[in-house]
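Protein sequence lines, in the order shown, are assigned to chains A and B.
Per my numbering, the first sequence starts with residue 1, numbered consecutively.
Per my numbering, the second sequence starts with residue 1, numbered consecutively.
Hints were generated in silico from the structure; no laboratory data involved.
None of these values were measured; they are calculated from a predicted model.
Where hints are given, some of them may not hold.
[As the list claims (entries may be wrong)] Below, a sample of chain A positions facing chain B; criterion: calculated Cβ distance under 7 Å:
1. Ala80
2. Ala155
3. Val293
4. Trp297
5. Lys309
6. Ala312
7. Ala313
8. Gly314
In this text, a Cβ means the ideal position worked out from N, Cα and C, and glycines have one as well.
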Amino acid sequence: MKKLPLDGVRVADLTMMWAGPYATRILGEMGAEVIKIESPSAWDNIRTLVPQPEATEPWNSSFYFNDYNRDKKSLTLDLAQERGREVFLDLVKHCDVVIENYRAEVLGKLNIDYPVLKAAKQDIVLVSMAGFGKTGKERGQVGFGPIIEQMAGLASLSGYGDDGEPYKTGISYGDPVGGVAAAGAAALGLIQRRKTGEGCHIDLAQRETMAAMVGEAFVAASLRGEEPVHRGNRDARFVPQGAYRCTGEDQWIVISVRTDEEWRSLAPVIGAEELTSVGKVERAERHDELDAVIERWTSSLDPQEAMEKLQAAGVPAGRVLDTEAIHDDPHLNARGYWVWLPHPKMRPWRQPSTSWRLVEANPQLRRHAPLFGEHNREILCDMLGLSEEDLKELEAAGIIADAPINPTVG
Amino acid sequence: MKEPVLEGVRVLEIGGGIPAAYATRWMAGFGADVVRTEGPEGALTPDEEIYLTAGKRRVVADNETLLQLGRQADILVEDTKPGTLRTRGLDIEALRQERPELIVVSITPFGQTGPASQYEATNGVVFAMGGIMSLTGHPSRPPLMTGGSQAYYLGGLNGFSAAVTAYYGRLVHGEGDHIDISMQECAAGMLELYGAMTEYEKVGPIPRSGNHVRAVWGIYPCADGYAGVCCLERQVKAFFNLIGDPVLQEERFQDREQRAEHDDELQAIVYGWFLERTKAEIVELGVQHRVPLGAVLTPKDLLENESLQERDYFDSARTPEGTARFPGRPFLGLAWSPGELHEGGTDTGAAVAEWTGGTR
Numbered sequence: 001m002k003k004l005p006l007d008g009v010r011v012a013d014l015t016m017m018w019a020g021p022y023a024t025r026i027l028g029e030m031g032a033e034v035i036k037i038e039s040p041s042a043w044d045n046i047r048t049l050v051p052q053p054e055a056t057e058p059w060n061s062s063f064y065f066n067d068y069n070r071d072k073k074s075l076t077l078d079l080a081q082e083r084g085r086e087v088f089l090d091l092v093k094h095c096d097v098v099i100e101n102y103r104a105e106v107l108g109k110l111n112i113d114y115p116v117l118k119a120a121k122q123d124i125v126l127v128s129m130a131g132f133g134k135t136g137k138e139r140g141q142v143g144f145g146p147i148i149e150q151m152a153g154l155a156s157l158s159g160y161g162d163d164g165e166p167y168k169t170g171i172s173y174g175d176p177v178g179g180v181a182a183a184g185a186a187a188l189g190l191i192q193r194r195k196t197g198e199g200c201h202i203d204l205a206q207r208e209t210m211a212a213m214v215g216e217a218f219v220a221a222s223l224r225g226e227e228p229v230h231r232g233n234r235d236a237r238f239v240p241q242g243a244y245r246c247t248g249e250d251q252w253i254v255i256s257v258r259t260d261e262e263w264r265s266l267a268p269v270i271g272a273e274e275l276t277s278v279g280k281v282e283r284a285e286r287h288d289e290l291d292a293v294i295e296r297w298t299s300s301l302d303p304q305e306a307m308e309k310l311q312a313a314g315v316p317a318g319r320v321l322d323t324e325a326i327h328d329d330p331h332l333n334a335r336g337y338w339v340w341l342p343h344p345k346m347r348p349w350r351q352p353s354t355s356w357r358l359v360e361a362n363p364q365l366r367r368h369a370p371l372f373g374e375h376n377r378e379i380l381c382d383m384l385g386l387s388e389e390d391l392k393e394l395e396a397a398g399i400i401a402d403a404p405i406n407p408t409v410g
Numbered sequence: 001m002k003e004p005v006l007e008g009v010r011v012l013e014i015g016g017g018i019p020a021a022y023a024t025r026w027m028a029g030f031g032a033d034v035v036r037t038e039g040p041e042g043a044l045t046p047d048e049e050i051y052l053t054a055g056k057r058r059v060v061a062d063n064e065t066l067l068q069l070g071r072q073a074d075i076l077v078e079d080t081k082p083g084t085l086r087t088r089g090l091d092i093e094a095l096r097q098e099r100p101e102l103i104v105v106s107i108t109p110f111g112q113t114g115p116a117s118q119y120e121a122t123n124g125v126v127f128a129m130g131g132i133m134s135l136t137g138h139p140s141r142p143p144l145m146t147g148g149s150q151a152y153y154l155g156g157l158n159g160f161s162a163a164v165t166a167y168y169g170r171l172v173h174g175e176g177d178h179i180d181i182s183m184q185e186c187a188a189g190m191l192e193l194y195g196a197m198t199e200y201e202k203v204g205p206i207p208r209s210g211n212h213v214r215a216v217w218g219i220y221p222c223a224d225g226y227a228g229v230c231c232l233e234r235q236v237k238a239f240f241n242l243i244g245d246p247v248l249q250e251e252r253f254q255d256r257e258q259r260a261e262h263d264d265e266l267q268a269i270v271y272g273w274f275l276e277r278t279k280a281e282i283v284e285l286g287v288q289h290r291v292p293l294g295a296v297l298t299p300k301d302l303l304e305n306e307s308l309q310e311r312d313y314f315d316s317a318r319t320p321e322g323t324a325r326f327p328g329r330p331f332l333g334l335a336w337s338p339g340e341l342h343e344g345g346t347d348t349g350a351a352v353a354e355w356t357g358g359t360r
């Protein structure tokens with residue numbers, strides 16, 4: 001059995017919400033042992049963000065929480081109490097990576113910033129991923145994904161074009177982007193430690209990893225002073241391109257024509273032979289008219305059928321998969337992308353598998369997200385050597401718990 | 001100054017599009033010797049070429065050269081259509097057998113296997129198939145593509161992080177792997193609560209919410225552009241206090257469920273508040289009052305942004321049009337070098353000689 005790349009790596013995970021947990025979900029997928037640490041009174045609010053009126057332990061049965069926290073262990077620990085902090089530093093001695101996505105100043109306030117961690121474990125790799133970084137005038141800003149997207153330039157580049165309005169992406173896009181980058185940052189830190197024996201402190205600002213996703217717009221702005229252009233679903237090079245309505249409730253297909261050859265293939269498929277010879281410049285000028293011709297054809301077709309017909313002719317086309325259709329997408333299913341993962345308190349549902357398909361090591365989802373404090377005993381007693389007596393004391397002081405002290409906060 | 005973390009790592013880039021070029025850009029900045037073999041004409045726009053090729057050596061490789069370089073690489077990153085490399089004489093499995101330490105990252109629209117693996121695609125097509133597009137845009141208008149080339153960049157980002165993770169695994173366990181990255185899957189796995197909610201609660205497809213998921217979670221016009229707010233329940237109170245309108249203390253806005261029923265009324269109040277303030281004021285108020293507020297900044301705004309300057313974020317490179325500035329190191333804490341721009345093909349002789357010269 002081939003080992004996964006992060007097999008043998010242990011991660012103390014202080015992250016919450018989305019960006020950080022997405023990073024550590026990936027580390028878990030790649031074989032790391034991820035220990036998610038939450039305080040009994042300050043825990044990951046994702047657990048109860050979606051109301052679950054029927055649930056007896058809503059913090060343990062959230063599909064949203066599960067999505068980002070599978071393949072992790074749960075340790076509850078109140079770091080704001082000195083004894084909790086001591087236990088944490090003891091745990092750090094057994095870890096390779098510490099990762100956090102608190103606001104910039106929080107780690108310092110908890111007195112567990114990099115020098116403190118380094119004193120506990122000389123070669124620790126610390127990954128901090130505050131929204132705006134640890135330094136700089138804007139470091140105090142709360143960095144939720146949509147705010148990141150706005151403050152990184154991306155929202156200014158999105159829009160239909162006829163109303164001047166910028167648009168947000170339909171998810172909190174800055175979060176997972178920061179998360180994927182942070183997973184890579186952790187790996188680079190580990191590489192450096194392997195080569196030099198020294199750890200490092202990575203200061204990742206989610207705003208900066210987001211802006212890197214539109215780098216060419218900065219080139220345009222710095223060289224030519226360009227302001228954002230909202231193209232809607234059109235493209236400067238691929239003409240025509242657009243989202244076209246199909247049959248069914250709110251069903252659409254994107255068609256994108258790169259070359260004259262692709263246009264010549266498309267025209268007869270949509271019953272517009274007379275337009276076959278229209279060149280690219282003219283296609284751009286007559287874009288509205290061509291859109292109408294294309295939509296006349298798509299609007300009587302199922303999006304899957306339209307896509308398959310166009311692809312058979314070699315034309316780039318893809319249906320706009322909605323959140324339901326994407327789970328039934330024959331291609332994703334043929335690749336085994338959706339996986340059923342049992343959970344002790346939830347009915348089964350299909351979850352995405354890893355996007356990093358190591359063909360030989362073949363990473364698989366291993367386990368549902370941990371229940372609150374599920375691994376307290378395993379970590380505190382088996383790893384750190386605490387006694388039953390110690391555990392009782394920690395429990396009595398509210399430093400550890402197997403349920404949130406304040407379950408209605410969220 | 002420490003040696004760059006990827007110093008001495010040989011990276012071969014094949015295909016030349018955004019996915020492969022972005023994945024290897026950060027490797028170059030962190031010290032790898034990235035040899036970019038040119039893709040088809042127009043694989044990158046001139047602006048993308050400036051941003052994505054800085055710090056790389058650029059080679060024009062015939063099939064024989066490609067194989068020679070492939071045999072010397074530590075990490076091979078490619079974004080060609082599945083099957084293409086074999087027709088060029090580069091057999092990934094054979095290369096991996098020859099050198100088990102090799103890491104190959106293939107970044108494609110739909111992955112190496114499955115019925116759509118041979119589909120023709122552009123960024124827009126992949127963005128549609130990844131699910132995010134169905135959630136983006138106004139509910140009464142067509143779904144909207146986010147700006148730039150997000151599906152492709154997301155593929156490149158995943159390619160980078162996967163490659164360096166596998167490289168760490170190689171250092172520790174001795175072996176590389178072939179990583180099959182489907183850009184569709186990169187997006188399909190990050191559909192926030194919407195993907196899982198549809199599947200778990202069987203509520204049907206989640207509709208687009210435009211710029212207002214809720215009144216306290218959206219983008220609004222302000223005095224000099226657009227700005228936004230993003231409150232979780234626990235931040236609503238601070239936001240209401242900041243707005244200061246006494247009506248917000250009434251039950252219909254204080255109670256979470258009732259508030260949802262009065263969202264339009266609340267939107268009107270929030271709209272009015274934003275309209276009277278500038279982007280800079282709004283950002284400042286957010287920091288002061290711990291309310292998640294932001295402004296829709298343009299790349300031009302950001303090039304002048306104090307925080308980013310303080311953090312020395314931007315790289316610059318000389319181009320025939322002048323000095324271009326663009327996002328540099330993705331994070332602080334590891335040595336980064338900005339890198340010069342090379343013309344396509346100029347490094348062919350030197351790079352090939354060096355890599356194949358038995359200096360390894």
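Checklist entry - Against which earlier hints does the structure fall short, listed by number upward? => result Of the numbered hints, 1, 3, 4, 5, 6, 7 do not hold.
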